[in-house]
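K.L.:
Each chain, written out:
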Amino acid sequence: MNKSKITKNQAFLPFAIFVAILIFNTIISGGTFLEMKIVDGHLYGRIIDIIRNGSKLMLLATGMTMVIATGGTDISVGSVMAISGAVACSIVSGAILPGLGGNVVAAIILALLAGVLCGIWNGILVAQIKIQPIVATLILMVAGRGIAQLITKGKIVTVSSDTYYFINGGYILGIPFPVYVVLFIVIITLLFTKRTAFGLFLEATGCNSAASKFAGINVGLIKLLVYAVSGTLAAGAGLIESAGIKGADCNNAGLMIEMDAILAVAIGGTSLNGGKFSIPASIFGALIIQSITTMVYALGVAPEITQVVKAILVVIICLSQSKEFKDTVIKIFRREKVVAGA
Amino acid sequence: MKSRIKAKGEISFSNVSLLITIILFLSLFIGGSLRYDRFFSLSTFFNLFNDNAYLIIAAVGTTFVLLTGGIDISIASTIAFTCVLSASLLRGGVPAVVVIPIVLSIGLGLGLGMGSIIHYFKLQPFIVTLAGQFLMRGLCAVISTESIPISNEFYKAAALNKILIGRAKIYYYVFITFIVIGGAYYILKYTKFGRSVYALGGNEQSAVLMGLPVARTKIAVYGINSFCAALAGVIFSFYTLAGYSLQNIGLELDAISSAVIGGTLLTGGVGTVIGTTIGVLIQGIIQTIVTYENLNTWWTKVTIAALLCIFIIIQRIISIKAEKKKGK
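So the sequences go chain by chain: R and X. Using full-length UniProt numbering, the letters of the first sequence correspond one by one to residues 1 to 342. Using full-length UniProt numbering, the letters of the second sequence correspond one by one to residues 1 to 328.
Everything labelled a hint here was simulated from the structure, so no lab data went into it. The beta-carbon is built from N, C-alpha and C at its ideal position, and this holds for glycine as well. Among the hints, a few may not be true.
Straight-line Cα separation of at most 20 Å, DMTMM-like style, residue types lysine to aspartate or glutamate; simulated pairs [as the list claims (entries may be wrong)]:
no.	chain 1	residue 1	chain 2	residue 2
1	R	Lys153	X	Glu293
2	X	Lys122	R	Asp327
3	X	Lys122	X	Glu204
4	X	Lys192	X	Glu204
5	R	Lys130	X	Glu323
6	X	Lys189	X	Glu204
7	X	Lys169	X	Asp51
8	R	Lys130	R	Glu203
9	R	Lys246	R	Asp162
10	X	Lys156	X	Asp51
11	R	Lys246	R	Asp49
12	X	Lys122	R	Glu324
Below, a sample of chain R positions facing chain X; criterion: calculated Cβ distance under 7 Å [to be verified]:
no.	residue
13	Gln132
14	Lys310
15	Glu324
Not close to chain X: a few residues of chain R, all C-beta gaps over 10 Å, as computed [stated by the list, open to error]:
no.	residue
16	Asn9
17	Gly45
18	Ile51
19	Ile96
20	Leu110
21	Leu113
22	Ile120
23	Asp162
24	Tyr171
25	Phe177
26	Glu203
27	Ile217
28	Asn218
Could you build all of it, start to finish, from the sequences and the hints given here?
P.N.:
This is the structure:
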């Protein structure tokens, strides 16, 4: 019974795929893949790289899972990343609000606030004005990079602050700082969605928004909230990104990353129609995407092939989730059996 | 009976939307003419077509998909793939007469494939076309990650030959765009297939019950869209005379927003090709005005997003009113 419980968990399949990719990587690399070194008390290694580089995607996937659970989509996260990076870097470098004197903490708070605002804007469009989520978030996706350019005045703002670099490159007890951020966020959201009724409300809203409304759930507020959370997490990812490249690049920060975030959720097995969701499953989805990127590098083929691999992966995963496809396969399988039997 | 009332309501809705779009286009044009010397000319108007010929074709294709209530985010990659593949084939010495049919049929095949997966396996169009987007962009990079110039005589001729009317010029390839607009208009308005497209977007279940060929229609719209994208790619390679794997990132969103500004409802069932064309021209004219104002190009994006927002809200208000009317 215990065993079936584990395999039935939504996170099991993505976890298994992730482990399979890791094993495959270990074999093709002849074991060097698993190697971990401790240099100056910091952990180094391929797996650490995957987790650290995947932290942005994991943050986005966490927010995206909740948005998708309510039956929505947020395609503005990449632009929100650009905005938050622009706000933070401009403040740290003193280009805007020089009164703050380049205070990193203030910069981070304001950047996150910008993310909250972006999320609330999306939420209002979806929940109050009742615009389709893709279209509603499309507006900010198109405008977001422009707004980020407005903040940086069209330049690439560079920062030189070790405190700011810490967001991406820092270590605590030998483990990269972004890992703690992801862990913290995942634990908090898990507590909220599993230990309170909030998770149930999300699923109810996604399954049948009208029925949930009649059942007394404040559907509008729930939707507003998930977009706000998604915006905030996107802003967090934007901070990690800009700390990583030590500056704000409004044109390229988080470009097309929304697609990867949605893909991570889809790989995690959460239906894009809304309803049942699993945040751990999406986290493994994000890790799968990141490890495929690393794998393609390790195989020594052109990194551009990653896109093709991703495309094939999307098709396989989506087909495996499609009931119609399973029926077709079963039919073909049965027919072959009959033929073989005859 | 009920469906007839609904259809009537939708037609008036699309008329209002189209009217707003046309008024906006004219006022932008007049505004620009009043503000700048030399803005008001046939050449400014023709240049809108010269510069946006490929986008119009792509947006017309997207309109088909949007009308059925679907979405296709793979077209930008398809355009890039078409350009890169044509450029590399041409460099290999394959004649243009062979290259163009090849790339067009690849586009058509891709669309039909995605359409079939969407229809038969009941998958979300967004995710299937996302896979298409990754695939085409990846294949581009597989062919070449560097920009390949095109030096084929036919392509050069297509890129440079134009008709002069006074000082205004119109390139030959723009006429392909006109043919596409005309053809799409005719198909949507006067053929059984076109009416099925609208019916499918209005209500898929009713369309099935009415005995309309839902499978064929649904697969065909994705085929048409990807074919249009490939054709847009051919025109784009005329326009730039090069193929580059990172071309046109995000163009699918330009196409979708043009359609929305042109009055297409993303829930399906409402919209016209003419509206979409004007939607593209509005984006083009904003770009022109931004250039005249000597502003940074990102102002174009912000303005378009603001317009998009206004239009979507207007659409919501109109459809809420229509719902209330129906309620009475």
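K.L.:
Sort out whether aspartate 49 (chain R) lies within 20 Å of lysine 246 (chain R), counting only the CA atoms.
P.N.:
holds (18 Å)
K.L.:
Is isoleucine 120 (chain R) truly not at the interface, in the sense that its beta carbon sits beyond 10 Å from all beta carbons of chain X?
P.N.:
At about 15 Å from chain X, isoleucine 120 (chain R) clears the 10 Å cut-off, so the statement holds.
K.L.:
Does the claim that isoleucine 51 (chain R) lies off the interface hold, with its Cβ farther than 10 Å from every Cβ of chain X?
P.N.:
holds (23 Å)
K.L.:
Confirm or reject: isoleucine 96 (chain R) is not an interface residue toward chain X, with every Cβ-Cβ distance exceeding 10 Å.
P.N.:
Non-interface label stands for isoleucine 96 (chain R): nearest chain X Cβ at 17 Å, farther than 10 Å.
K.L.:
For asparagine 9 (chain R), is the shortest CB-to-CB distance to chain X above 10 Å, so the non-interface label stands?
P.N.:
holds (23 Å)
K.L.:
Is lysine 153 (chain R) close enough to glutamate 293 (chain X), meaning Cα to Cα at most 20 Å?
P.N.:
This hinted pair holds, its Cα atoms lying about 17 Å apart.
K.L.:
Given the hint that lysine 156 (chain X) pairs with aspartate 51 (chain X), does the C-alpha gap stay at or below 20 Å?
P.N.:
Holds, because 16 Å separates the two Cα atoms, which is no more than 20 Å.
K.L.:
How about lysine 310 (chain R): closest beta carbon in chain X under 7 Å, or not?
P.N.:
Holds: closest Cβ of chain X sits about 5 Å from lysine 310 (chain R), inside 7 Å.
K.L.:
Could you check that no beta carbon of chain X comes within 10 Å of the beta carbon of aspartate 162 (chain R)?
P.N.:
holds (31 Å)
K.L.:
Between lysine 169 (chain X) and aspartate 51 (chain X), does the CA-CA distance stay at or below 20 Å?
P.N.:
This hinted pair holds, its Cα atoms lying about 12 Å apart.
K.L.:
For the pair we were handed, lysine 246 (chain R) and aspartate 162 (chain R), check the Cα-Cα distance against 20 Å.
P.N.:
holds (10 Å)
K.L.:
Does glutamate 204 (chain X) sit within 20 Å of lysine 189 (chain X), going by the straight-line distance between their CA atoms?
P.N.:
Between lysine 189 (chain X) and glutamate 204 (chain X) the Cα gap is close to 19 Å, so the pair holds against 20 Å.
Checked against the numbered hints given earlier, this structure breaks none of them.
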